[in-house]
Amino acid sequence: EDQVTQSPEALRLQEGESSSLNCSYTVSGLRGLFWYRQDPGKGPEFLFTLYSAGEEKEKERLKATLTKKESFLHITAPKPEDSATYLCAVPGRSARQLTFGSGTQLTVLP
Amino acid sequence: KAGVTQTPRYLIKTRGQQVTLSCSPISGHRSVSWYQQTPGQGLQFLFEYFSETQRNKGNFPGRFSGRQFSNSRSEMNVSTLELGDSALYLCASSWGLAGASTDTQYFGPGTRLTVL
Chain A
71 EDQVTQSPEA LRLQEGESSS LNCSYTVSGL RGLFWYRQDP GKGPEFLFTL
121 YSAGEEKEKE RLKATLTKKE SFLHITAPKP EDSATYLCAV PGRSARQLTF
171 GSGTQLTVLP
Chain B
-19 KAGVTQTPRY LIKTRGQQVT LSCSPISGHR SVSWYQQTPG QGLQFLFEYF
31 SETQRNKGNF PGRFSGRQFS NSRSEMNVST LELGDSALYL CASSWGLAGA
81 STDTQYFGPG TRLTVL
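For the record, the sequence lines run as chains A and B.
First residue of the first sequence: 71, per our numbering; consecutive thereafter.
First residue of the second sequence: -19, per our numbering; consecutive thereafter.
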């Protein structure tokens, strides 16, 4: 059974204080890993798809990386508007059956 | 390009009732998946529809069902509601690429269901 574990559960940063979120996974043959951002009361917003170990993708202050066992979401010089819950997910037996981690709730203080 | 839309956004029901939620996918997307999100269990896959057929189903009781129409719009139904069914129900659409190992899903805003 696919398992996805995210850490830490919650993270508080000062504005401008860079950090990383972790997503470790146990799957039989990784076919991709997704990162989403979710604001309170809203649906998850797609950020990145990573397909193979060594791959990196960037978007504004966010950079996602992938190894054979885990993925990191690096946040450089975060701003308060980056506050959200960040979710990672892997596809299961269907490309559209995602197993999600429990998320990291990020708070960036001004 | 319009995103995924879900109606209604909020719903309050009592135990034993049934409910129907609706989802309109992004134009051109042919696959619709449904997820349940609760504070205790997080996001859990309910089922996936493509070409009006259920392709996969998560580990939920038979009270949870769904269907997809020829225009790719989808509905999910929950019968005999229980208190534990209170959750945010999310619909996600994707292209539905045949044989794809990954297929990016885009989520709607969700329907917040409260069961009293």
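Hint data in this document are derived by calculation from the structure and do not stem from the laboratory.
It cannot be assumed that every hint is accurate.
Straight-line Cα separation of at most 35 Å, DSBU-like style, residue types lysine-lysine; simulated pairs [to be verified]: (1) A/149 / A/139; (2) B/37 / A/139; (3) B/37 / A/133; (4) B/-7 / A/138; (5) B/37 / A/127; (6) B/-7 / A/127.
Facing chain A, according to a computed beta carbon distance under 7 Å, are these residues of chain B, among others [what the hints assert, rightly or not]: (7) 21; (8) 25; (9) 66; (10) 78; (11) 81; (12) 83; (13) 86; (14) 87; (15) 88; (16) 89; (17) 90; (18) 93.
For glycine and all other residues, C-beta sits at the position ideal for the given N, C-alpha and C.
To see whether the hints hold, each was checked on the structure:
1. A/149 / A/139: holds (29 Å)
2. B/37 / A/139: This hinted pair holds, its Cα atoms lying about 27 Å apart.
3. B/37 / A/133: holds (33 Å)
4. B/-7 / A/138: violated (45 Å)
5. B/37 / A/127: Holds, at about 31 Å.
6. B/-7 / A/127: violated (43 Å)
7. 21: violated (9 Å)
8. 25: holds (5 Å)
9. 66: Interface hint status for residue 66 of chain B: violated (15 Å vs cutoff 7 Å).
10. 78: Residue 78 of chain B check fails; min Cβ-Cβ to chain A is 10 Å, beyond 7 Å.
11. 81: Check passed: Cβ of residue 81 of chain B comes within 4 Å of chain A, closer than 7 Å.
12. 83: holds (4 Å)
13. 86: holds (6 Å)
14. 87: holds (4 Å)
15. 88: holds (5 Å)
16. 89: Holds: closest Cβ of chain A sits about 5 Å from residue 89 of chain B, inside 7 Å.
17. 90: holds (5 Å)
18. 93: violated (13 Å)
Hint compliance for this structure: hints 4, 6, 7, 9, 10 and 18 are broken, all remaining hints hold.
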